[in-house]
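There are 2 protein chains.
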Amino acid sequence: MILGGDGYCGWATALHLSNRGYEVAIVDNMCRRTFDDQLGFNSLTPIKGIHERVRVWEEVSGKRIQLYVGDICDYEFLSAAFQAFEPTACVHFGEQRSAPYSMMDRSRAVFTQTNNVMGTINVCYAIKEFAPECHLIKLGTMGEYGTPNIDIEEGYITIEHNGRTDTLPYPKQGNSFYHLSKCHDSANMLMCTKTWKMRTTDLNQGVVYGVATPETMMDDRLVNRLDYDAVFGTALNRFAIQAAVGHPMTVYGKGGQTRGFLNITDTCKCIQIACDNPAPPGEMKIYNQFTEQFSVNELAALITEAGQKLGLDPQVINVPNPRTEMEEHYYNAKHSKLQDLGLEPNLMKESILESLLTTVVKYKDNVDQRLILPGVNWTESASVGKTIAKV
Amino acid sequence: MILGGDGYCGWATALHLSNRGYEVAIVDNMCRRTFDDQLGFNSLTPIKGIHERVRVWEEVSGKRIQLYVGDICDYEFLSAAFQAFEPTACVHFGEQRSAPYSMMDRSRAVFTQTNNVMGTINVCYAIKEFAPECHLIKLGTMGEYGTPNIDIEEGYITIEHNGRTDTLPYPKQGNSFYHLSKCHDSANMLMCTKTWKMRTTDLNQGVVYGVATPETMMDDRLVNRLDYDAVFGTALNRFAIQAAVGHPMTVYGKGGQTRGFLNITDTCKCIQIACDNPAPPGEMKIYNQFTEQFSVNELAALITEAGQKLGLDPQVINVPNPRTEMEEHYYNAKHSKLQDLGLEPNLMKESILESLLTTVVKYKDNVDQRLILPGVNWTESASVGKTIAKV
Ligand SMILES: NC(=O)c1ccc[n+]([C@@H]2O[C@H](COP(=O)([O-])OP(=O)(O)OC[C@H]3O[C@@H](n4cnc5c(N)ncnc54)[C@H](O)[C@@H]3O)[C@@H](O)[C@H]2O)c1
Ligand SMILES: NC(=O)c1ccc[n+]([C@@H]2O[C@H](COP(=O)([O-])OP(=O)(O)OC[C@H]3O[C@@H](n4cnc5c(N)ncnc54)[C@H](O)[C@@H]3O)[C@@H](O)[C@H]2O)c1
Chain H
1 MILGGDGYCG
11 WATALHLSNR
21 GYEVAIVDNM
31 CRRTFDDQLG
41 FNSLTPIKGI
51 HERVRVWEEV
61 SGKRIQLYVG
71 DICDYEFLSA
81 AFQAFEPTAC
91 VHFGEQRSAP
101 YSMMDRSRAV
111 FTQTNNVMGT
121 INVCYAIKEF
131 APECHLIKLG
141 TMGEYGTPNI
151 DIEEGYITIE
161 HNGRTDTLPY
171 PKQGNSFYHL
181 SKCHDSANML
191 MCTKTWKMRT
201 TDLNQGVVYG
211 VATPETMMDD
221 RLVNRLDYDA
231 VFGTALNRFA
241 IQAAVGHPMT
251 VYGKGGQTRG
261 FLNITDTCKC
271 IQIACDNPAP
281 PGEMKIYNQF
291 TEQFSVNELA
301 ALITEAGQKL
311 GLDPQVINVP
321 NPRTEMEEHY
331 YNAKHSKLQD
341 LGLEPNLMKE
351 SILESLLTTV
361 VKYKDNVDQR
371 LILPGVNWTE
381 SASVGKTIAK
391 V
Chain Z
1 MILGGDGYCG
11 WATALHLSNR
21 GYEVAIVDNM
31 CRRTFDDQLG
41 FNSLTPIKGI
51 HERVRVWEEV
61 SGKRIQLYVG
71 DICDYEFLSA
81 AFQAFEPTAC
91 VHFGEQRSAP
101 YSMMDRSRAV
111 FTQTNNVMGT
121 INVCYAIKEF
131 APECHLIKLG
141 TMGEYGTPNI
151 DIEEGYITIE
161 HNGRTDTLPY
171 PKQGNSFYHL
181 SKCHDSANML
191 MCTKTWKMRT
201 TDLNQGVVYG
211 VATPETMMDD
221 RLVNRLDYDA
231 VFGTALNRFA
241 IQAAVGHPMT
251 VYGKGGQTRG
261 FLNITDTCKC
271 IQIACDNPAP
281 PGEMKIYNQF
291 TEQFSVNELA
301 ALITEAGQKL
311 GLDPQVINVP
321 NPRTEMEEHY
331 YNAKHSKLQD
341 LGLEPNLMKE
351 SILESLLTTV
361 VKYKDNVDQR
371 LILPGVNWTE
381 SASVGKTIAK
391 V
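Chains H and Z, in that order, give the protein sequences. Counting along the first sequence from 1, when you hit position 27 you're at 27 in UniProt numbering, and nothing is skipped either side. Counting along the second sequence from 1, when you hit position 366 you're at 366 in UniProt numbering, and nothing is skipped either side.
Hints may be right or wrong, so weigh each one.
Note that the list lumps identical chains together, so a pair holds whenever it fits in one copy or between two copies.
[To be verified] Below, computed lysine-lysine pairings styled on DSSO-like, alpha-carbon distance capped at 30 angstroms:
no., residue 1, residue 2
1, K197, K254
2, K254, K194
3, K254, K48
4, K337, K309
5, K269, K197
6, K364, K197
7, K334, K194
8, K309, K362
9, K63, K309
10, K362, K337
11, K334, K364
12, K269, K63
13, K349, K194
No lab work stands behind these hints, which were simulated from the structure alone. Fair warning: this is a prediction, and the values are worked out from it, not measured in the lab.
Bound-form chain H, shown alone:
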């Protein structure tokens, strides 16, 4: 069961697992599409509606994906979906996942934390009640850790203090209401796991890039979403699109911000590995799910090089940082556990960037340049709901 299966990671994962013989159901309330409608955004790629997507997938692959359309915060709906599908694993992508969206105004801050935290509490209760053996695989983010001045471990850290030792949850420092919602989820899940003897895996995912996966390439109508606006677009994908349309790549501040990255095809592989290695009852496994780390400046340089090979002329501008974050900092995050379980990463090679750029160039006429510049400033988040839709 894939919560949030109409989204960027969820859609790719649903097809990946379905293609490999897993019986898949998608649960989604389409709120992500509503955010785009409300703010005047769009996916660069022309994505189809979920009903058509699922129909096309059956036509192309002969495999059926079940569809449950509804809100996981609606417990009546969620219970019915659990009782009907009887999942053995539940992959939870179904959250509001944009940091800028969560910092836009008070009502979106409250929406983000309510939607994400209460949704996850509901999922825990549904598993406890209807599928106690079901393995919950929950997407967190590397952003939960912030940028501490020590190495980032995978979820837990052993601390020696005043002559005594304990292994404790790694201290978290989320930097937006979105990132904090993930910290809250992790803490809630850990308590539920221990108290109710649940099986849970928390995946602190890095920034995902890329758009094509072997399954989405099987038919144009299966194409995945690709966001380039300043609210939902993420670092590398946005740079590729900016390069393709001749907009300078917008580096926030000094560009020394370093983060972990992974290709969308690796997201799918990691989820499969997590599904195949369920946590034992009462234990929450935590993995850092990314394959390489880069600074923003390094990303811009990589895109510049790959773009030039394709005859593009990528430029960089440093725009004032709308976020409150460190622009130069130590960053060393561990990420060996998934590789120990067999992950063979698809690293950020030139060929990968070139194929991303090629896809992007194909759809570049869809780009609305007004959506590219940052529209949400962390310090200006106000109580009065505003729309940043640019008309």
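Keeping the supplied structure of chain H fixed, place chain Z with the ligands upon it in accordance with the hints.
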């Protein structure tokens, strides 16, 4: 401005500050009284309605306390209260504060985290928007730390790891949806403090005991609430009441659970100290607010001794632990910062326990013995709303 000023800590603190010349407003939506009504509970002491309490206080002391009745999750109401009162400090007690209540069922788990976390986000936005210099003093709990096998520091811990060092938020391990809501609050507040340059103090309070303060003793109608039911009653207060009515003291499990405690008069003094020492903009001060630590068995022994002096015959029974928690563990929590700022603690001496027992004996005919035994089991928390009211 005292959020939750009709509650146990809030009422005592409002009178304490008002009596010392601070201009005080109480904000409360009376939801605590509603919980009692719904579950068939009552305060041992016959508390008056908030309107009468405030009237009596003016009659007795000549001092006026303003009253804003409403829900802090209702931002329109909260904004109006902030604009009318223009607080320079905001003491935030206004949360659902019972761990068993939060573990009763899914809807109360979700209510607890929504009420507490979204209420606090609203308070942060109201301060940012209407009173940016206002010092937020937020009540957390020592329970946020759980029972780690290392010393508990005051909010932050310096970690040396792989040859590097950083001072990070102390790792939290809340053990109920209530305790976790406080962890979430602290994490959210830290981000708001840094991003919006707020002044905040987070007080991780221990278990409060006692009922009388100099102000509530000025008139019977000012009496504070005292909870003895298994949902809202806290350790020492419950034991005193059990001893007074001849019910054996209900020690959960082995009784080795150790926690920090403080007298209700010290709660008032700590809040005053926090008010008088506002945090600088952009920094969140964190204090552990308790004065002594005891195990549950030690508390039972103290009450036994004090009770015998008063001619009572206190007994102990070990009941199965309804919570999922360690019953024997290391516990050493620091609590020097408030004393460094001038707190002179009112320690748990025999005289204090005797006066608590005397008050309790005075009202003992109000006790409904059916409410004493634990009614909420951590592992049985179900999705279906239930009422544990015993008729
Ligand atoms: N994309 C990244 O770079 C990235 C990085 C780290 C972590 N993650 C995490 O991975 C997950 C998926 O990210 P994504 O990029 O695919 O996001 P997305 O917005 O494309 O997909 C999320 C999906 O969840 C659905 N959803 C949200 N709330 C729901 C609710 N209450 N009920 C039902 N459906 C709901 C949305 O409609 C959407 O289809 C998120 O939890 C995100 O935080 C993503
Ligand atoms: N009593 C203790 O031993 C203890 C120990 C540690 C921490 N604390 C913390 O101290 C604070 C006060 O505790 P207490 O024992 O006085 O609790 P209480 O329940 O007696 O008082 C809380 C008050 O807040 C009000 N309230 C709750 N939600 C509200 C909302 N959304 N809008 C407006 N008012 C709201 C309630 O009506 C109630 O009057 C709580 O935050 C609690 O977590 C208490």
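The hints, checked one at a time:
1. K197 to K254: The answer is between: 22 angstroms across copies meets 30 angstroms, while 46 angstroms in one copy does not.
2. K254 to K194: between (43 angstroms within a copy, 20 angstroms between copies)
3. K254 to K48: Neither: 38 angstroms inside a copy, 60 angstroms across copies.
4. K337 to K309: For K337 and K309, neither the intra-copy (35 angstroms) nor the inter-copy (61 angstroms) Cα distance is at most 30 angstroms.
5. K269 to K197: within (26 angstroms within a copy, 42 angstroms between copies)
6. K364 to K197: neither (49 angstroms within a copy, 41 angstroms between copies)
7. K334 to K194: both (25 angstroms within a copy, 27 angstroms between copies)
8. K309 to K362: Classified as within; 16 angstroms inside a copy, 88 angstroms across copies.
9. K63 to K309: neither (39 angstroms within a copy, 78 angstroms between copies)
10. K362 to K337: neither (37 angstroms within a copy, 62 angstroms between copies)
11. K334 to K364: neither (36 angstroms within a copy, 59 angstroms between copies)
12. K269 to K63: For K269 and K63, the Cα distance is within 30 angstroms only inside one copy (19 angstroms; across copies 68 angstroms).
13. K349 to K194: neither (41 angstroms within a copy, 38 angstroms between copies)
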